[in-house]
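A.B. asks: What follows is the residue order along each chain.
There are 2 protein chains.
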Amino acid sequence: MGKEQLLVIGGVAAGLAAAMQARRAAPGLRITVLEKTADISYGACGLPYVVSGLIPALERLVLHTPEYFREQHDIDVQPHTEALEILPARSVVRVRANGERREMGFDSLVLATGAAAVCPPLAGHDLAGVFVMRQLRDGRRLLQFIEQVRPRDAVIVGAGYIGLEMAEAFRARGLNTTVVESTDKMMSTLGGALRDRVVDELRGRGVEVVLGERVSAFEGRGEQVARVICESGRAFEAQVVLIGVGVRPAVEIAKDAGLEIGETGAVATDANQRTSAANVFAAGDCSETLHRVSGRRVWMPLAQPAVRQGWVAGANAAGAMPEARFAGVVGTNAVKVFDLEVARTGLSLEEAQAAGFDPSIIEDETASRAGYYPGGAKILTRVVHDKSGRLLGAQMVGREGVAQRIDVYAAALHANLKIEELNQLDLAYAPPFAPTIDPILRATKQRDEG
Amino acid sequence: MGKEQLLVIGGVAAGLAAAMQARRAAPGLRITVLEKTADISYGACGLPYVVSGLIPALERLVLHTPEYFREQHDIDVQPHTEALEILPARSVVRVRANGERREMGFDSLVLATGAAAVCPPLAGHDLAGVFVMRQLRDGRRLLQFIEQVRPRDAVIVGAGYIGLEMAEAFRARGLNTTVVESTDKMMSTLGGALRDRVVDELRGRGVEVVLGERVSAFEGRGEQVARVICESGRAFEAQVVLIGVGVRPAVEIAKDAGLEIGETGAVATDANQRTSAANVFAAGDCSETLHRVSGRRVWMPLAQPAVRQGWVAGANAAGAMPEARFAGVVGTNAVKVFDLEVARTGLSLEEAQAAGFDPSIIEDETASRAGYYPGGAKILTRVVHDKSGRLLGAQMVGREGVAQRIDVYAAALHANLKIEELNQLDLAYAPPFAPTIDPILRATKQRDEG
Numbered sequence: 000m001g002k003e004q005l006l007v008i009g010g011v012a013a014g015l016a017a018a019m020q021a022r023r024a025a026p027g028l029r030i031t032v033l034e035k036t037a038d039i040s041y042g043a044c045g046l047p048y049v050v051s052g053l054i055p056a057l058e059r060l061v062l063h064t065p066e067y068f069r070e071q072h073d074i075d076v077q078p079h080t081e082a083l084e085i086l087p088a089r090s091v092v093r094v095r096a097n098g099e100r101r102e103m104g105f106d107s108l109v110l111a112t113g114a115a116a117v118c119p120p121l122a123g124h125d126l127a128g129v130f131v132m133r134q135l136r137d138g139r140r141l142l143q144f145i146e147q148v149r150p151r152d153a154v155i156v157g158a159g160y161i162g163l164e165m166a167e168a169f170r171a172r173g174l175n176t177t178v179v180e181s182t183d184k185m186m187s188t189l190g191g192a193l194r195d196r197v198v199d200e201l202r203g204r205g206v207e208v209v210l211g212e213r214v215s216a217f218e219g220r221g222e223q224v225a226r227v228i229c230e231s232g233r234a235f236e237a238q239v240v241l242i243g244v245g246v247r248p249a250v251e252i253a254k255d256a257g258l259e260i261g262e263t264g265a266v267a268t269d270a271n272q273r274t275s276a277a278n279v280f281a282a283g284d285c286s287e288t289l290h291r292v293s294g295r296r297v298w299m300p301l302a303q304p305a306v307r308q309g310w311v312a313g314a315n316a317a318g319a320m321p322e323a324r325f326a327g328v329v330g331t332n333a334v335k336v337f338d339l340e341v342a343r344t345g346l347s348l349e350e351a352q353a354a355g356f357d358p359s360i361i362e363d364e365t366a367s368r369a370g371y372y373p374g375g376a377k378i379l380t381r382v383v384h385d386k387s388g389r390l391l392g393a394q395m396v397g398r399e400g401v402a403q404r405i406d407v408y409a410a411a412l413h414a415n416l417k418i419e420e421l422n423q424l425d426l427a428y429a430p431p432f433a434p435t436i437d438p439i440l441r442a443t444k445q446r447d448e449g
Numbered sequence: 000m001g002k003e004q005l006l007v008i009g010g011v012a013a014g015l016a017a018a019m020q021a022r023r024a025a026p027g028l029r030i031t032v033l034e035k036t037a038d039i040s041y042g043a044c045g046l047p048y049v050v051s052g053l054i055p056a057l058e059r060l061v062l063h064t065p066e067y068f069r070e071q072h073d074i075d076v077q078p079h080t081e082a083l084e085i086l087p088a089r090s091v092v093r094v095r096a097n098g099e100r101r102e103m104g105f106d107s108l109v110l111a112t113g114a115a116a117v118c119p120p121l122a123g124h125d126l127a128g129v130f131v132m133r134q135l136r137d138g139r140r141l142l143q144f145i146e147q148v149r150p151r152d153a154v155i156v157g158a159g160y161i162g163l164e165m166a167e168a169f170r171a172r173g174l175n176t177t178v179v180e181s182t183d184k185m186m187s188t189l190g191g192a193l194r195d196r197v198v199d200e201l202r203g204r205g206v207e208v209v210l211g212e213r214v215s216a217f218e219g220r221g222e223q224v225a226r227v228i229c230e231s232g233r234a235f236e237a238q239v240v241l242i243g244v245g246v247r248p249a250v251e252i253a254k255d256a257g258l259e260i261g262e263t264g265a266v267a268t269d270a271n272q273r274t275s276a277a278n279v280f281a282a283g284d285c286s287e288t289l290h291r292v293s294g295r296r297v298w299m300p301l302a303q304p305a306v307r308q309g310w311v312a313g314a315n316a317a318g319a320m321p322e323a324r325f326a327g328v329v330g331t332n333a334v335k336v337f338d339l340e341v342a343r344t345g346l347s348l349e350e351a352q353a354a355g356f357d358p359s360i361i362e363d364e365t366a367s368r369a370g371y372y373p374g375g376a377k378i379l380t381r382v383v384h385d386k387s388g389r390l391l392g393a394q395m396v397g398r399e400g401v402a403q404r405i406d407v408y409a410a411a412l413h414a415n416l417k418i419e420e421l422n423q424l425d426l427a428y429a430p431p432f433a434p435t436i437d438p439i440l441r442a443t444k445q446r447d448e449g
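Keeping their order, the protein sequence lines are chains E and B. For the first sequence, numbering that gives the first Met the number 0 gives the first residue as 0, with consecutive numbering after it. For the second sequence, numbering that gives the first Met the number 0 gives the first residue as 0, with consecutive numbering after it.
Excised from the complex, chain E in its bound form:
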């Protein structure tokens, strides 16, 4: 295809995965990666653990330097370089670096602009001490702030993944910590008994959890945040606030270039990670993907699919043959909440209903190890299925054995297994690892027996 210059916009997970895979596919290609911020190649998912102190320095999250990419892989990674505009018809990107504007031509382009933390425009949201947590610089600012201001009370707005991880981080730093969540759910979809387990864990570790309260404003003392005010009138002291109400795809540059944006608000892509513009690909948190269970295009900004979409985009942007394909997601993720493992895959009951299924649920609680073997824990499982017995999703909560067991459900969703087929799986048993009948077999036997 005679590609000569690959341009990648975004120097973190998906963007660098694309660059690396393009290099593997096309040793002679010129590859340039543009990164708006000072930071490239870091594991943003580790930020809460730096804040907690478990990881001793922010630099530990950095995988590679620009020198590494240049010297080892002949990839030119340019930090502090912002892509301002894409002109697909001319195959040009307008960039700004060091205060200068210039144009860069491309034969193929990979958009990996990621997602941005949502900061609702509430009164006082720009006070010092109000943070989001998404990029390395967010972590840097928060750590500096804590060092200087030494806050005593923290409020976290939103009980999503980042909110819960940050609750643990703040507690580890000795802060009085309150999580304020506007819905009655944890992590947007976790309700009922599973939600209660998470709330119990948080409260047991000294986190105040307030459900069904919507934050309406932040009050300051001078420039500094001092209180978080709810619509109900309730107020919480806070010298530091973490807003974890969600993220949105960073698609402004794609939209301005006339690229098709999907219903989800993210860049529309096909299974080859192609956008609507010729030779322009998108990958990671700025792009849509296929949900294999609902069959719909979804936006699921998570690190593992981001990297893999990056590989696909990079291979195809480099003209790899046969074309690389991304098979889509089934909606798997996991989070540690203090000593609890919380994981899910597929659709929740409500998501299944919204996707047009007529779903039922099975709930089961089983030990993680043989009953006589010390140190086990209860695993609470919720399995969602349709009337034909097709597996639609699963959620699990427990102190061990959850994060990898959810992967069995994920594999079953990929393979389109029915509950009764899951119940036939030959799973590993040894007293330290599982009861004789694994929690997965226990849960999926329920349907059998009504």
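Incorrect hints may appear among the rest.
Because identical chains share one entry, a pair is satisfied inside a single copy or across any pair of copies.
Calculated cross-link-like contacts (lysine to any residue; reagent style SDA-like; alpha-carbon spacing at most 25 Å) [said to hold, decoys possible]: (1) K386 / P358; (2) K417 / P321; (3) K444 / H63; (4) K417 / S293; (5) K386 / A24; (6) K444 / D357; (7) K184 / W298.
Calculated directly from the structure, the hints in this document are not laboratory data.
Please arrange chain B on chain E, whose structure you already have, making use of the hints.
C.D. replies: This is chain B only, laid out in the frame that chain E set:
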């Protein structure tokens, strides 16, 4: 079908599972369970952990008493009752209990006679201090012996599962422990780098491991074992010896009754757990089963399939409609060796060759957690596949995240996935649980890239 009396021979895992499932299927059925020994309803897999002292008493392994079965489920469980002979034509079993012989009639019969530890007829094998470890009474005898004799040196013959678990148990009791294995493998199929990891763990924990030495005799001092002699002439001091060279199906009574015995030496059964005799079923460690990967009948005496075959046999023996089916196994198992998790599923390279495949292997070593997250471990994976990319098996060794990850491979084997499909799975990621690209995705990506 007018069944009135169900007889079950064997009062442990498969037998009691059959009785319980029959009770669920047929509330009015008379159900009698005959158990030769004094012990019923116990978790034999826990024996090494009682010997080690981790579990404080043998009684902890007992789940239920005969009273429980009688009072809660109207199941008559008779310990100390040996089935001597089955007369299928007359639907009668000859039994011996309390020194008396009698006949018991049945409408349907479930054979769950289990497996017996192999004790090779070497000189001195009947010396005091030479043990096998299979039934509760084996554990009782060993514990009494250790209490009385206070041995200092232990030899374990055979590096199978029970041998390795018992090595850990003996070390926990402060014994000098030597494992003597006649082959160059661990757990009969684990070779190469995976074997080396297990050997390193054992040696690191003070266990002497001797590979390629065949034991030829036990020498005594009086009635007591004192030395283990190898064919090469090497000898090891031992006041206690554990023979863990394998088990064989306990099929004498089935054979005598004219039931078909498969090539594996275990009772031949179909997917409904029916034997060749009308109204006679078999389940658990005495019976064969289908290996879904090789397509062959195999003998795989493990607790999880045993219980589930018991359920199937019990349901069908009670005349359940539709008939229950056992889907077969894929050969999954796991064992803890000190701090190491060792697990496998499907076929090893050699097993795949023997089954007529033309297999290849991928070997990959990856971290169990994000690189920056403390406390992770390396997971070594070997994946076996054929030329078309069909998954045939996997083996894994590591200090965490192995026993449940193997279940993903097991699910993939059930669903007949190819390596490239495994590589498409959407698996859970969070820094404490996995690296961004899960070890399963890393290993299965290798094929992709040659």
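A.B. asks: Hint by hint, say whether it matches the structure.
C.D. replies: These are the hints, each one checked on the structure:
no.: 1; hint: K386 / P358; result: within (7 Å within a copy, 40 Å between copies)
no.: 2; hint: K417 / P321; result: between (32 Å within a copy, 18 Å between copies)
no.: 3; hint: K444 / H63; result: between (47 Å within a copy, 22 Å between copies)
no.: 4; hint: K417 / S293; result: both (15 Å within a copy, 23 Å between copies)
no.: 5; hint: K386 / A24; result: between (45 Å within a copy, 23 Å between copies)
no.: 6; hint: K444 / D357; result: within (20 Å within a copy, 36 Å between copies)
no.: 7; hint: K184 / W298; result: within (20 Å within a copy, 48 Å between copies)
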